[in-house]
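**Q** Now for the letters of each chain:
Number of protein chains: 2
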Amino acid sequence: MDLKEYLKQKCQLVDQALERFLPAATELPSSLHGSMRYSVFAGGKRVRPVLMLAACEAVGGSPDAVMPAACAMEMIHTYSLIHDDLPAMDNDDFRRGNPTNHKVYGEATAILAGDALLTEAFILLSGEGQGGDPAARLRVIQEIAVAAGSRGMVGGQVVDMESEGRHDVDMATLSYIHTHKTGALIRASVRSGAIMGGASEEQFKALTRYADAIGLAFQIADDILDVEGTTEELGKDAGSDQARGKATYPALMGLEASKARAQELVQIALDALAIFDDRAEPLRAIASYIVKRKS
Amino acid sequence: MDLKEYLKQKCQLVDQALERFLPAATELPSSLHGSMRYSVFAGGKRVRPVLMLAACEAVGGSPDAVMPAACAMEMIHTYSLIHDDLPAMDNDDFRRGNPTNHKVYGEATAILAGDALLTEAFILLSGEGQGGDPAARLRVIQEIAVAAGSRGMVGGQVVDMESEGRHDVDMATLSYIHTHKTGALIRASVRSGAIMGGASEEQFKALTRYADAIGLAFQIADDILDVEGTTEELGKDAGSDQARGKATYPALMGLEASKARAQELVQIALDALAIFDDRAEPLRAIASYIVKRKS
Chain A
316 MDLKEYLKQK
326 CQLVDQALER
336 FLPAATELPS
346 SLHGSMRYSV
356 FAGGKRVRPV
366 LMLAACEAVG
376 GSPDAVMPAA
386 CAMEMIHTYS
396 LIHDDLPAMD
406 NDDFRRGNPT
416 NHKVYGEATA
426 ILAGDALLTE
436 AFILLSGEGQ
446 GGDPAARLRV
456 IQEIAVAAGS
466 RGMVGGQVVD
476 MESEGRHDVD
486 MATLSYIHTH
496 KTGALIRASV
506 RSGAIMGGAS
516 EEQFKALTRY
526 ADAIGLAFQI
536 ADDILDVEGT
546 TEELGKDAGS
556 DQARGKATYP
566 ALMGLEASKA
576 RAQELVQIAL
586 DALAIFDDRA
596 EPLRAIASYI
606 VKRKS
Chain B
316 MDLKEYLKQK
326 CQLVDQALER
336 FLPAATELPS
346 SLHGSMRYSV
356 FAGGKRVRPV
366 LMLAACEAVG
376 GSPDAVMPAA
386 CAMEMIHTYS
396 LIHDDLPAMD
406 NDDFRRGNPT
416 NHKVYGEATA
426 ILAGDALLTE
436 AFILLSGEGQ
446 GGDPAARLRV
456 IQEIAVAAGS
466 RGMVGGQVVD
476 MESEGRHDVD
486 MATLSYIHTH
496 KTGALIRASV
506 RSGAIMGGAS
516 EEQFKALTRY
526 ADAIGLAFQI
536 ADDILDVEGT
546 TEELGKDAGS
556 DQARGKATYP
566 ALMGLEASKA
576 RAQELVQIAL
586 DALAIFDDRA
596 EPLRAIASYI
606 VKRKS
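Quick note, the sequences are listed as chains A and B, same order. Numbering-wise, this note's numbering comes out as the position in the first sequence, counting from 1, plus 315. Numbering-wise, this note's numbering comes out as the position in the second sequence, counting from 1, plus 315.
Note that these hints are calculated values from the structure, not bench results. This list has only true hints and no planted wrong ones.
Just so you know, same-sequence chains aren't split out, so a pair can sit in one copy or run between any two.
With a cut-off of at most 25 Å between alpha-carbon atoms, the simulated DMTMM-like pairs for lysine to aspartate or glutamate come out as follows:
(1) 360 / 320
(2) 561 / 342
(3) 418 / 407
(4) 520 / 443
(5) 418 / 479
(6) 561 / 527
(7) 418 / 405
(8) 418 / 541
(9) 360 / 379
(10) 574 / 485
(11) 319 / 527
All values derive from a computational prediction rather than experimental measurement.
Use the sequences and the hints to build the structure in full.
**A** Printed below as a string of structure tokens:
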């Protein structure tokens, strides 16, 4: 299959839906809505929404039914980036080559835009206009909220922050950071797509294995890119992890072993998809792409 | 009825439930969970949860069924206070006589504790352990998320922030701030209690009128207290609104007219409850109490 074309098409659909779901930048308070939109449309690759759509398709569901949840997931991802970039956190001036939210809108509005995007996600997930079985939708809300909360993404962010600059970070801590900070939302994306698509218990478990494997592979690949990529390719400073004294897979287990581990995880992900037919081709292609990408 | 005793009993029940629902302070990351608990148990009056319980009782529902939603509401209220107090926002060092979250845990953890409390609310609202009709529960999630989002509380906070220090704030703007920043959550609390209690359409509308009236009365009373209360009674600096150049009802329409308006709103709230029997006594007593309280 042509993954590039698939990703392009899905990204467009996601962007159109986000455009529709987000309050207009002209709606008051316009600074807030402008700030929310600024970061949502700052060139994200829509990895999580695409995974949700692809997981839904893999079990034979209609991608239309998951679009609101897919957009909700992208809003949560975006809020986490806005808050991560704040002066009190990573203090980043640029993200994907553009000034970060607080550099453009100020710190207070950036904090509130993040808060509002997180909240907007749950507005979308519980919205009346959507179809779908109410019990399944509650399950999706639970899945996403747990993944985003103190036992998921936020917990991972706290441990990441507390580990920065320390030289005694071990593999268990690094693994906690990755499975929580980035892995949790990827897992919730795939599982939510599966739930909304009507997955069987067997399919749900297989997709969970797939998600956990690619979530970690994705993060290891990110760590490798930070060592090997160029600043131009990444849209942020290459080598920034090292400069910050961040624990990474290459730092803890070496570059070659990290590459081998990422490759192994891709294979685990592909094996998990063995029970699926051709409708899982996009998920297969995404797994292989993760370790080949340049940014 | 003995409102003081009623409030005391309900507060205890809410506190016990919050204790049960929040992750333990010893659970990792303990800085995060400690920070979340610090602000949740910092002496809040549990106004919103009590209103939700009382509204549910007024329509004949069981208060047990709304306890998770009531606690979710208190978590959202608490997150909003943590973020409001941040240096980039109101930059407050004290809240209810105690150091603010970021003074104790640092700015980064305070931001993340707020994020996690907001998310925890939706974990609770969508949790499996709860009973209740799934469609009604989705409606409650929608109600609460809309009230907390950019068209509700966060929107009100942005306009409040942008109005600070300006001397041309008119009644329309002040009204927008109050109905959004504090009114929205009070309305959602009452309406969510009504939904979970199985309110009829007529009861739901009456309770909405009640909520809107007491929400505004509550805010006007707050403005009046800031002028008339003592620092000791308030647990924060008296006269702080004026010192900050904040628009208030007393500043815009005078102290006596503000008191008359608050009294009028209490009467509107009581009139809205005319269709209810004795089970609405707590709601009636709360309405009258709002303009009499000293803190």
